[in-house]
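Undergrad: Now for the letters of each chain:
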Amino acid sequence: MGTWFITGASSGLGAALARAVLDHGDNAAISARNADHVQDLADAYPDTALAVQLDVTDHGQVVAAVNAATDRFGAVDVLVNNAGHGYRAAVEEASVDEVDGLFATNFFGPVELIKQVLPQMRQRRSGTIVNVSSIGAPRSNPASGYYTATKAALEGMSDALNREVAPLGIRVIVVEPGAFRTDFSGRSLMQSRTAIDDYADTAGKRRKENDETHGTQPGDPDRAAQVIIATVEGERAPFRLLLGTDAVRIVRDELRGRIEEIDAWAHVSVTTDFPSEEAHA
Amino acid sequence: MTTWLITGASSGLGRALAEHVLAAGHQVVATVRKTSALDDLAAAYPDTAMIAALDVTDSFSIDAAVTTAEERFGGIDVLVNNAGYGYTAAVEEGEDEAVARLFATNFFGPVEMIKATLPGMRRRGKGLIVNISSVGVRITIPGGGYYSAAKAALEGLSGSLRKEVEPLGLRVMVVEPGSFRTGFRGRSADRSAVRIDAYDQVLGRTGNSAPSPQRGAPDQAAAAILHAAEDVKPPKLLVLGSDALDGFRAAAADAARDVDRFEQLSRSTDTTA
Chain B
1 MGTWFITGAS SGLGAALARA VLDHGDNAAI SARNADHVQD LADAYPDTAL
51 AVQLDVTDHG QVVAAVNAAT DRFGAVDVLV NNAGHGYRAA VEEASVDEVD
101 GLFATNFFGP VELIKQVLPQ MRQRRSGTIV NVSSIGAPRS NPASGYYTAT
151 KAALEGMSDA LNREVAPLGI RVIVVEPGAF RTDFSGRSLM QSRTAIDDYA
201 DTAGKRRKEN DETHGTQPGD PDRAAQVIIA TVEGERAPFR LLLGTDAVRI
251 VRDELRGRIE EIDAWAHVSV TTDFPSEEAH A
Chain F
1 MTTWLITGAS SGLGRALAEH VLAAGHQVVA TVRKTSALDD LAAAYPDTAM
51 IAALDVTDSF SIDAAVTTAE ERFGGIDVLV NNAGYGYTAA VEEGEDEAVA
101 RLFATNFFGP VEMIKATLPG MRRRGKGLIV NISSVGVRIT IPGGGYYSAA
151 KAALEGLSGS LRKEVEPLGL RVMVVEPGSF RTGFRGRSAD RSAVRIDAYD
201 QVLGRTGNSA PSPQRGAPDQ AAAAILHAAE DVKPPKLLVL GSDALDGFRA
251 AAADAARDVD RFEQLSRSTD TTA
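Quick note, the sequences are listed as chains B and F, same order. Take the first sequence: its letter number 82 is residue 82 in this note's numbering, and every next letter is one higher. Take the second sequence: its letter number 49 is residue 49 in this note's numbering, and every next letter is one higher.
Keep in mind that the hints were calculated from the coordinates and are not lab data.
Cut-off 30 Å, straight-line C-alpha distance, at most; resulting in silico cross-link-like pairs (DSS-like, lysine-lysine):
id, chain 1, residue 1, chain 2, residue 2
1, B, K205, F, K126
2, F, K115, B, K208
3, F, K233, B, K205
Using the sequences and the hints, build the whole thing.
TA: Printed below as a string of structure tokens:
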């Protein structure tokens with residue numbers, strides 16, 4: 001039996017995963033900015049669940065939360081960085097403060113949690129870090145530049161982290177969900193106060209008041225939770241775990257498009273090498 | 001004749017690009033933190049070169065430089081976000097302040113430059129934004145997590161930006177250079193003061209392993225960027241160097257293989273599955 005630490009467990013994918021992990025018989029520290037929102041679930045599993053108050057942007061709370069989980073269960077075996085929110089704005093429309101807040105929650109928060117659990121995972125030579133990204137990382141949509149940036153940053157960091165900790169027995173998995181039927185485009189989505197007319201047909205169409213995807217997303221959060229558990233427990237795991245037929249299609253499209261473009265310009269790419277006899281820096 | 005604004009033009013790729021674009025007969029606003037670094041360029045091209053002091057982490061200096069450039073040359077046609085530097089640290093060794101500084105220069109700086117330049121470009125209905133990233137986004141190495149994160153962030157943002165500004169007549173091009181013979185490994189590199197022994201081996205801090213040779217020629221990179229920028233349809237992504245090209249293709253092939261291998265699992269989360 002292992003112990004999971006799941007952030008953003010009060011709703012959506014985080015809540016589904018927390019329920020599934022506890023149902024499965026594992027221990028789980030389930031965190032939310034307001035611990036009251038995860039208390040009911042924790043009460044349903046009094047022996048194996050711990051409700052934790054955690055704003056991932058608060059360093060002191062990160063330290064306290066990981067310590068509380070470790071004290072209660074003896075270890076954190078699986079960290080799931082799931083807490084995060086969206087932000088809709090054309091690049092030009094964004095406010096610096098809102099973008100700072102977005103990066104604090106979606107990127108720097110996960111980094112702090114990772115730094116907090118790594119010492120004990122290294123000591124045991126085992127552990128799994130699951131960073132929940134988004135299909136928005138490989139596919140940048142209008143109005144999602146900053147959100148995409150935070151998730152792409154999380155993935156770039158995870159890639160290096162994976163190579164750093166694999167020799168120490170620790171695994172890193174990036175989860176890229178497609179569109180799931182959660183409240184993401186409801187309360188987890190913020191947007192800029194400013195809207196510039198020139199972007200009405202691009203970013204403007206994806207502002208909350210114009211977004212019609214809510215409630216019709218193809219992904220089932222409970223099935224996603226089962227797949228995440230199976231992957232964490234399994235022997236074979238991809239570095240990137242795509243969730244949903246839409247995610248598979250989007251990643252294939254993006255990869256194909258990039259390769260086509262690289263090939264089309266390859267004759268220019270290769271003109272920048274020094275002649276081989278000079279290649280000694 | 002077009003007008004370019006190139007950040008980080010005191011050395012390396014930025015300097016090579018400024019020289020190349022000026023030699024081709026264009027106007028260049030070359031920005032640097034210390035303007036004396038480009039006295040020779042200003043002297044060689046008195047009518048077409050303008051050297052501007054600019055710290056990309058200071059929004060006032062950004063606004064001042066962009067305004068001055070627009071007044072002098074009538075508008076900026078090509079913005080090149082080139083200023084940036086490296087930072088080596090295992091993720092666990094990252095220092096909060098150093099990482100914040102890295103993101104300020106490598107990500108938020110370019111964002112502010114873009115926001116300052118866009119109103120003029122939108123008004124004129126044309127313009128090209130060139131964001132210099134790194135093939136390190138595709139081929140991430142141990143110790144490069146924060147650098148890759150900041151560059152990946154810049155690329156992610158660029159993708160959305162492109163979809164927002166293309167209908168307005170503007171273009172966005174990301175450049176991913178491989179390893180070039182510049183000062184990047186010297187004065188453009190920072191490293192964490194925190195050192196955790198457990199990472200010594202994977203970060204190559206044990207032996208005296210020599211760094212791999214840098215195969216790229218900055219002058220030729222500058223020529224390639226100018227060539228791509230002048231195309232009727234500049235590429236969304238321009239990889240520079242055969243090392244970068246090989247690495248990019250290998251990474252894409254790996255990613256595609258993983259998609260295939262785990263496809264059934266990925267599809268099993270659909271509501272209707």
